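Please model the entire structure based on the sequences and the hints provided.
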Amino acid sequence: MFCICDSIEPIKNRTSLLLLQHPQEQDNALGTARLTALHFQDAVLKIGLSWPSLSRALGRPVHDPSRWAVLYLGSVRVGRFNTDRAIVAIDRNGQMEIDQRGALADIEGVVVLDGTWSQAKALWWRNPWMLKCQRVVLGARWTSRYGQLRKEPRRDGLATIEAAAIMLAGLEGRPDIETTLLASFERMLAKYQDVQARAPELAPKPRGRRNYRRSRA
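Position one of the sequence shown corresponds to residue 14 (the working numbering), numbered consecutively onward.
Rather than coming from a laboratory, the hints here were simulated on the basis of the structure. Given the structure is predicted, the values throughout are model-derived calculations rather than measurements. Incorrect hints may have been included.
Straight line, CA to CA, 20 Å or less: simulated DMTMM-like cross-link-like pairs of lysine to aspartate or glutamate [claimed, not checked]:
1. LYS145 with ASP112
2. LYS59 with ASP40
3. LYS134 with ASP104
4. LYS25 with ASP207
5. LYS145 with ASP104
Pair ranges (Cβ atoms, derived) [as the list claims (entries may be wrong)]:
6. LYS145 with ASP189: 15 to 21 Å
7. SER63 with ARG200: 30 to 36 Å
8. PRO65 with THR192: 36 to 42 Å
9. ARG93 with SER131: 21 to 27 Å
10. GLN39 with ARG98: 28 to 34 Å
11. GLY186 with ARG93: 22 to 28 Å
12. ASP77 with ARG200: 35 to 41 Å
13. THR156 with GLN39: 23 to 29 Å
14. ILE111 with VAL57: 30 to 36 Å
15. ALA42 with ASP112: 40 to 46 Å
16. ARG73 with ARG187: 31 to 37 Å
Positions of the beta carbon are idealized from the N, C-alpha and C atoms, including for glycine.
What follows is the structure in structure tokens.
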């Protein structure tokens, strides 16, 4: 990560954030998990492949995992639903929850998987406790700011920081969260591009695709 840490003031968030990073993603020059975690007072970043429960991953007791949302990695896309919602709760059959307000009203935390598409899938399958969480998909109104810096397997792929921005801003009704995180991401990318332009030998080459989060159709 191209550090802009000195310009970050942690946000007091009501919704907890748990970032699970695949070990092979932690040294990625353009990774955003650590940057995302630094933005929140209540955020936990764990690096690994599996944890026996949500409580163990988070490091504190979680009495009801169903009150935690996880960004779903399946084939469901928001575009198939007749909605303009940025966050859509779905059931295990990939159908839109009838009571969206009710499904999201009591969410107390969010789990975001950080890694390439295949790495994120590995995290999903190695942690069956995620099946107890509320599945959600995102309907971003824009494409990822990564642009050509990290190639995506899908047009709707988002960086971890972008997905977290949409989730926390939407669940807490605070558009300032999205604005703050996206501005930081843009500063990080600008810093990388500046180093790449002035001294390309010093700018690590981004690897393949980046942290994948499902967004819209």
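Starting from the range 21 to 27 Å, see whether the pair ARG93 and SER131 falls in it by beta-carbon distance.
The hinted range 21 to 27 Å holds for ARG93 and SER131, with Cβ atoms some 24 Å apart.
C-beta pair LYS145, ASP189: status relative to the range 15 to 21 Å that was hinted
At 31 Å between Cβs, range violated.
Range hint 30 to 36 Å: satisfied by the CB atoms of ILE111 and VAL57?
holds, 32 Å
Between LYS134 and ASP104, is the straight-line Cα distance small enough, at 20 Å or below?
holds, 18 Å
Run the distance test for LYS25 versus ASP207: straight-line Cα separation, threshold 20 Å.
violated, 31 Å
Do GLY186 and ARG93 keep their Cβ atoms within the hinted range of 22 to 28 Å?
holds, 26 Å
Supplied distance hint 40 to 46 Å, evaluated on CB atoms of ALA42 and ASP112:
holds, 42 Å
LYS145 paired with ASP112 [C-alpha distance capped at 20 Å]
holds, 18 Å
Hint says 36 to 42 Å; check whether the CB-CB distance for PRO65 and THR192 agrees.
Holds - the Cβ-Cβ distance for PRO65 and THR192, about 37 Å, lies within 36 to 42 Å.
Check whether the Cα positions of LYS145 and ASP104 lie no farther apart than 20 Å.
holds, 11 Å
Using the C-beta atoms of THR156 and GLN39, is the stated range 23 to 29 Å upheld?
holds, 25 Å
Tell me if the straight-line CA distance from LYS59 to ASP40 falls inside 20 Å.
Roughly 14 Å between the alpha carbons, so the hint for LYS59 and ASP40 holds.
Hints 4, 6 and 16, counting from the list given before, are not met by this structure.
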